[in-house]
Structure formats: C-alpha cells, structure tokens
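Can you build the whole structure from these sequences, using the hints too?
As you go down the protein sequences, you meet chains B and X in turn. Here the first sequence stands for residues 1 to 232, numbered as in my numbering. Here the second sequence stands for residues 1 to 235, numbered as in my numbering.
Calculated from the structure, these hints are not laboratory results. It is possible that part of the hints are untrue.
Claimed, not checked - Taking lysine-lysine pairs in the DSS-like style, the calculated list, with each CA pair at most 27 Å apart, reads: (1) K14(B) x K90(X); (2) K227(B) x K5(B); (3) K24(X) x K125(B).
Said to hold, decoys possible - If you want the footprint, here are the derived chain B segments under chain X, 3+ residues with CB under 8 Å: (4) 40-52; (5) 71-79; (6) 87-93; (7) 96-107.
Note that beta-carbon positions come from the ideal geometry of N, C-alpha and C, so glycine has one too.
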Amino acid sequence: MIIVKKLIKRFGLKTILRGLDFSVRPGEFVALLGPNGAGKTTFLRILATLSRPSLGQVQVAGYFLPQQAAQVRARLGVVSHQPLLYPDLTAEENLQFYAQMYGVANQRSRITEVLKMVGLENRRKDLVRTFSRGMQQRLAIGRAVIHDPEVMLFDEPYTGLDQDASEMLDDVLRSVAAEGRTVVMTSHDLARAADLATRFDILSRGVILASITQAELQNSNLLTFYKQALVD
Amino acid sequence: MTDKMQNSNPPHPSLFKATFAIVKKDLSAELRSFELVSAMLVFSLLVIIIFNFALELDVKVRQSVTAGVLWTTFAFAGTLGLNRSMSAEKDRGCMDGLLLAPVDRSAIYFGKAISNLAFMLLVEVIVLPIYSVLYNVNLFRWDLIGIILLGSIGYVAVGTLLSAMSVQTRTREVLLPILLFPVAIPVLLAAVKASNGILAGADFAEILTPLNILIVYDVVFIAVAFMVFDFVVEE
Chain B
1 MIIVKKLIKR
11 FGLKTILRGL
21 DFSVRPGEFV
31 ALLGPNGAGK
41 TTFLRILATL
51 SRPSLGQVQV
61 AGYFLPQQAA
71 QVRARLGVVS
81 HQPLLYPDLT
91 AEENLQFYAQ
101 MYGVANQRSR
111 ITEVLKMVGL
121 ENRRKDLVRT
131 FSRGMQQRLA
141 IGRAVIHDPE
151 VMLFDEPYTG
161 LDQDASEMLD
171 DVLRSVAAEG
181 RTVVMTSHDL
191 ARAADLATRF
201 DILSRGVILA
211 SITQAELQNS
221 NLLTFYKQAL
231 VD
Chain X
1 MTDKMQNSNP
11 PHPSLFKATF
21 AIVKKDLSAE
31 LRSFELVSAM
41 LVFSLLVIII
51 FNFALELDVK
61 VRQSVTAGVL
71 WTTFAFAGTL
81 GLNRSMSAEK
91 DRGCMDGLLL
101 APVDRSAIYF
111 GKAISNLAFM
121 LLVEVIVLPI
131 YSVLYNVNLF
141 RWDLIGIILL
151 GSIGYVAVGT
161 LLSAMSVQTR
171 TREVLLPILL
181 FPVAIPVLLA
191 AVKASNGILA
201 GADFAEILTP
211 LNILIVYDVV
221 FIAVAFMVFD
231 FVVEE
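Dropping the structure here:
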C-alpha cells in the first residue's frame, strides 16, 4: 500500500531524510517511533502530499508522488496534532465542508455515520470552538475518514490530550483500523503505540533503524527494543 | 472501509463545486464571528472620519479628493481583510486541510478570492453611504459602482495570490502590503482616475483608458493567479 525507496528530503543545506526505505502492506497499522527531530513529521508530510521529496521514490495506494498527488489525496486521510477544523462552524458544518471537498456521495447519511463513530452525534449542531481538545481531535478523525480513505496517516494524534481523552481516542483509532484501513501513526507514547499497532518502526536521523512486528514483540518490551535500536 | 471505495476511483469534485464549498464555508464562519468584516469596517470608518476632520474641505474640493480618499480607504481595509482571511487558515492548520483535498488547487484560490471580494464589497456598501453623508457627495451612480466593482476585483485577485505567499512567512503582516501595493499600483491609479472622471462629470471617452486598464488588469491577474497558485502554496 505504501512503498518508499531511498527517500531523501532536504531543506536548504539541511538533510532531514537520508535515503529512507519503508513499506506498509494493506491493512497494516504501523507505529513510527523516534526522538524529536528524527524526521517523522517531514516523512508523513511527504506521504500526505504536503511536501515534495527531494530524491527517491514514493508510492501510496499504487500512485507515485508527487506526479499523481491528486489520486493519492483522494485515498488518504490525515490527522495531525492540529485538528484542521473551523472553530466558527458546527461539527456538522465542518464535516459537510470536507465531504464537499472530497465529493462524498450521500453526505447527510455519511456525516451521521461518522459522527456516531467518533461519539459526537449529540454535539453535531455545536460550534467546534466550544469543544474540548479531545472532542476536537475525535472530530478531526471524523473529518479524515469522511471520504472513506484506504490509507490513514496520524501525526502525534495524542498531543495535548488528557488521560480520558486519550482513551477515547484509542477506541476511535481501533475502530478506524478495524475497518481494514492501512494506518501509519507517529507517536512518542510507546505504551499507546504498543497497544494499537501491528508493527513498530524506529526512525532516527532520517532513516529507519529497526522494525519489529507485534508478534515478534510478544516476549519483549517495546521500550527496551526502542532504546536498543537508538543505541545501536 | 466500505467495499465501494476499495480499489475504485474516488470522486474528484469539480472546480466549481470546490470553489462554492470554500465560499460557503468562509461566509458561514464570518457570519458567526464577524471578525474580519468588523475589523475592516471599523478601520474604513476611522479613515474617512479622520480625513473628514483633517482636511476641512469646502464642497468643491471635497468632490476632487473623494476618489483618492475612497480608494485609499478600500486599499488599506482590503489589505487588512486579505491578511486576516489567509492567516486564519494558516494559524489553525486549515490550509493543510484544504491542500489535502483532491481538488484543483485553483479552487482554493477562487474560493478565497470570492470570499475576500464579498467581504470587501460588503464593507464598501456600508462605507459609501456614510461617506456620502459626511462629505456631502453623491456616490450613488451606477458607473461609479461599476468602477468600484472592477477595482475591487483587481485588488482582491492580486491580493489573494500575494497573501497566500506572504502567509507562509513570519513577517506576513508587514510583507503583504510591501508586496501588494507596488503590484496593485496600476489598478489603484486606474480606479482613482476613472472614479475622479465620473465624479467630475467627464465624458465616457475620458474614462475609457482607465476603464480598459482595469478590465485588462482584472483578466491578466485572474489568469496569472489561476496558473501559478499551485506553485505558490507548494511547500
């Protein structure tokens, strides 16, 4: 579903991604872990078509970037630490706007379905500016799945959430993944990542240092694996 | 994920539908907050009141400075609106939301430009009668309204494009006027000249040249923006 070969990203003289190789199979949930400045967000922005690769090959859902960016965008849902929502519109109006931008058919029923999924059905007529950070983040997931994308990218979705909100977000993320979508999530929260993902990749200084599946991890600890990968 | 979406061709909304969605969104948000229009309106009213007291003009001179005062007011208030409109998208990260949509990126330009034009025209509709009363000048003439419309379209066409560029910098509030005013000089000069001619009761032949400049400027800058907006918003 995602194939990345020898990806290099430079900003001026600074090289952020240094020949990164990465691949994700359909239906996989990959947690991309790594220290600050490792290049996680830069990498996700390239996959999200928001940034162009300097060199290398990037393929998402069978389409090449940046040449076929529009086809990729139609198949992609992105959630970042910013909810990308309009505070002066209601939850329903926000979803309606994005449904129009993605050309979603049967918008009314799809919006109801998505609001139910993120547990905000009874707040559909409320302005987003009255929502807590957790509710905004759940609605952000609703926004990202409104067009039923095949691939989902989550960039630090837990940033700024309290314990309760994080647990609710866990449930929403599980339901998103359970629908068979391919998911790539960056996170600093190893415990949450360990609970949700089926594979863990450690990214540091612009390359993938190590990778382990949930099955391989069963007899060991993700934190130990993470620390060991960074030391090696 | 539903079966219909898997391995199928997801729909791409047309340029018109995406543009309409952005305009509707901007107008709905502004109707709730009145953040942008109120700032533009207060600023415009302050400018014409300050000019009124500062100049202390007799009736004849008032007529001759009207075009200059009006377009100075519209240009500065317009810049305020253009800056705010684009930075609101950027600050909330919503620009990324727009860029992630599978639409022709010109739709983002046209949507924002039409919204900006609507806000600017709304301010002008309120400012014109107040100006008429304060300066005792009759501004309710269809030909003058036509010139104001053409001038505003040109100003917003280039302003929306440049605000999309300046919003990506840290000094956006300063950068937009620095970029915009030199580029907008032809449209502002033509609009002032045409408005002056109309208010002075000049023949149509006399205002034909500035009118042509306004029309050409509008067409050229809308076309240029359509062609380059994709590159402007690219990281």
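Quick rundown of the hints versus the structure:
no., hint, in the structure
1, K14(B) x K90(X), "holds, 24 Å"
2, K227(B) x K5(B), "holds, 25 Å"
3, K24(X) x K125(B), "holds, 17 Å"
4, 40-52, "holds (count 6)"
5, 71-79, "holds (count 6)"
6, 87-93, "holds (count 4)"
7, 96-107, "holds (count 8)"
Every hint, counting from the list given before, is met by this structure.
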